[in-house]
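All chains should be modelled from the sequences, with the hints used to inform the complete structure.
So the protein lines, in turn, are chains R and E. Using numbering that gives the first Met the number 0, the letters of the first sequence correspond one by one to residues 0 to 345. Using numbering that gives the first Met the number 0, the letters of the second sequence correspond one by one to residues 0 to 345.
Read the hints as simulated data drawn from the structure, not as lab findings. Check the hints yourself; a few may be wrong.
Given that identical chains are not distinguished, each listed pair holds provided it fits within a single copy or across any two copies.
[Said to hold, decoys possible] Mimicking SDA-like on lysine to any residue, the simulated pairs with C-alpha atoms at most 25 Å apart in a straight line are:
hint	residue 1	residue 2
1	K45	F203
2	K185	L245
3	K144	G101
4	K114	R100
5	K37	R70
2 protein chains.
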Amino acid sequence: MHTGVEKGVGSMGFVTIRDVAREAGVSTTAVSQILHGKGRFSEPTKELVRRTVQRLGYIPDSRAQAMRSDRTHMVGLLVPDLHNPYFADLVSSMETMLYERGVGALIGTSAESVKRQDAYFMRILSQRIDGVIAVPQGQVSDGLKAVVKRELPLVFVDRRVPGLEQVPYVVSDPKPGLAQALKQLKSFGHQRVAYVSHPSLGSFSVDERTQAFRELAPQVLGPGAAAVYACDGSSSSQEQVLSDILDSSATAVIFGYSRDAVSLFSLLRGRNIAIGSQLSLISFDDIEVFRLISPKVAIISQQANRMGRQGVRILLDRIGSDLEPGSQAVSIATRFQLRDSVGRVA
Amino acid sequence: MHTGVEKGVGSMGFVTIRDVAREAGVSTTAVSQILHGKGRFSEPTKELVRRTVQRLGYIPDSRAQAMRSDRTHMVGLLVPDLHNPYFADLVSSMETMLYERGVGALIGTSAESVKRQDAYFMRILSQRIDGVIAVPQGQVSDGLKAVVKRELPLVFVDRRVPGLEQVPYVVSDPKPGLAQALKQLKSFGHQRVAYVSHPSLGSFSVDERTQAFRELAPQVLGPGAAAVYACDGSSSSQEQVLSDILDSSATAVIFGYSRDAVSLFSLLRGRNIAIGSQLSLISFDDIEVFRLISPKVAIISQQANRMGRQGVRILLDRIGSDLEPGSQAVSIATRFQLRDSVGRVA
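So, in structure tokens, the structure goes:
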């Protein structure tokens with residue numbers, strides 16, 4: 000994408016129709032009409048505008064372009080990381096639903112980096128697309144502002160961005176599934192439950208789960224029945240958390256971050272601890288490996304498919320309508336799914 | 000994307016510059032020059048060409064567009080399935096390498112469907128891109144022909160397409176890693192080795208591994224030391240394969256398809272069979288779960304990162320050069336990595 004490097008061009012790093020009009024000394028309407036082959040202008044004026052467009056690297060507004068030439072039936076999808084099976088599920092469910100509706104997807108990833116996210120947004124704006132669905136990095140960035148400024152339909156899924164309340168979003172509510180999990184543990188005789196958090200990730204949704212546990216565990220199990228252990232993903236941290244939990248009186252453990260659950264599952268196996276009888280285990284996230292290993296791991300599912308499909312529905316509604324964009328907040332309830340990794344206390 | 004629905008327009012479902020020229024009754028050179036604002040033509044001729052372009056929904060050739068307005072620094076990446084960690088690794092390594100070189104990626108998936116692959120190709124051709132890297136479905140399709148016809152730089156990775164020999168490709172050679180694995184097993188005293196194939200998948204590369212095993216196992220272990228068991232991924236098939244292997248005299252098993260390895264790992268655990276001592280286990284594909292479970296699973300790695308990076312290198316070379324496209328075949332050697340799932344025969 001051509002970004003405005005000339006002095007005074009584009010307050011946000013890209014060239015607008017206003018920049019072209021100012022440089023060429025004509026109105027924005029004239030620029031628009033000349034580019035669309037409309038209106039009556041002298042050849043020198045047309046030539047000047049075309050040269051200015053070329054020199055500044057102006058890319059006609061995608062939204063206006065889409066409105067002019069009908070819809071392009073393409074949308075951008077941005078997720079943080081395709082290595083993470085949860086995001087792979089989320090993006091695949093969105094792509095498939097779009098495909099079924101005759102819409103193509105142009106997928107990109109941010110690698111959890113604001114800079115890389117913004118590079119994707121800047122590039123996707125120069126493509127022929129009708130809208131974008133994004134799992135955003137959690138702050139107002141230049142790239143996000145650019146998408147909003149262009150009035151390109153935009154929907155957030157899984158996360159939202161404080162300060163951009165006008166963007167519709169679909170997020171997951173950790174509480175319903177977590178409450179079901181805690182009630183199930185209680186009914187199986189568990190009186191003390193450990194929770195493994197992962198604050199070093201800096202993820203809004205992972206931290207929100209920890210908050211939900213701190214709030215719900217005392218309500219369901221009573222005061223003092225729950226403890227939170229922070230893991231940072233390193234081997235030493237995993238070993239430390241495991242030792243702390245085994246030294247405690249906890250008979251069950253809930254993981255807020257699924258990668259920690261996979262790692263500790265393996266460490267527990269290595270210590271010959273019987274998962275499901277000696278220690279019960281539950282993890283957030285419905286990832287395939289939890290169905291493949293033995294015993295199968297009970298989960299609190301974020302309903303990635305439902306979230307993705309809801310996001311697609313909102314985006315397609317917005318693309319199809321002439322309504323002014325407005326805020327819209329959808330919360331998808333998590334669900335607990337009991338599996339063999341959870342058993343009764345002997 | 001606008002597809003040609005008018006009678007007689009576009010033999011492959013989309014509008015070409017020839018269609019515009021024929022409809023407008025001018026030469027293709029005239030169409031090209033008018034669209035690029037070059038040449039000397041009367042206003043009525045220009046207007047006729049512009050209207051014809053608009054009416055037919057002609058999208059200027061991406062390659063010509065890219066050559067005209069310099070490069071777009073965007074490429075398309077097509078993989079079969081983001082749920083498969085191997086393809087998630089492959090596409091992520093390509094996207095990251097492109098990002099480091101200032102090139103954006105527009106990722107799509109085919110869901111192992113020729114129809115969906117072709118829908119991606121047809122759509123990506125209407126975007127502003129410099130080239131495409133694809134893990135293709137294994138046959139010459141309309142979508143593939145369209146990309147080749149447009150002379151858009153194209154590289155295949157992981158698979159190739161018989162009949163499209165002019166397209167450069169980077170594939171994996173299963174033999175080096177498999178030979179290393181078999182020699183390691185032999186040095187640990189294993190005399191009989193089972194192999195689990197997955198012919199129902201219809202994957203060229205998975206079937207090629209089976210072929211390699213049939214060829215190499217007798218060479219390394221001697222005649223009659225190896226047997227192949229076909230698994231179709233169903234529970235009953237997995238149980239059957241497991242029983243057959245346990246009933247045989249095999250002391251080690253190699254999996255051609257990593258999902259089968261994950262499932263059977265779990266079933267072996269359920270039967271309290273000590274992996275690494277009672278039965279040694281090796282799988283193709285370097286996926287994360289093999290490093291997370293205990294014992295860690297020995298792998299024959301396809302070197303997805305190396306393959307992806309090599310594919311990117313070839314594509315960027317082709318985009319940057321004026322050379323005629325020509326065939327180029329790169330084979331990346333697989334590598335065996337010993338882990339605790341492989342042990343000595345007692």
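Taking the hints in turn, this is what the structure says about them:
For a Cα distance limit of 25 Å, the shortest separation of K45 from F203 qualifies neither inside one copy, at 51 Å, nor across copies, at 55 Å. In this homomeric assembly, K185 and L245 come within 25 Å of each other (Cα to Cα) only inside a single copy, at 19 Å, whereas the closest approach across copies is 41 Å. Taking CA atoms no more than 25 Å apart as the test, K144 paired with G101 passes between copies only; the shortest distance there is 21 Å, against 28 Å inside one copy. Taking CA atoms no more than 25 Å apart as the test, K114 paired with R100 passes between copies only; the shortest distance there is 14 Å, against 32 Å inside one copy.
Taking the shortest alpha-carbon separations for K37 and R70, only the intra-copy value of 20 Å comes in at or below 25 Å, while the best inter-copy value is 28 Å.
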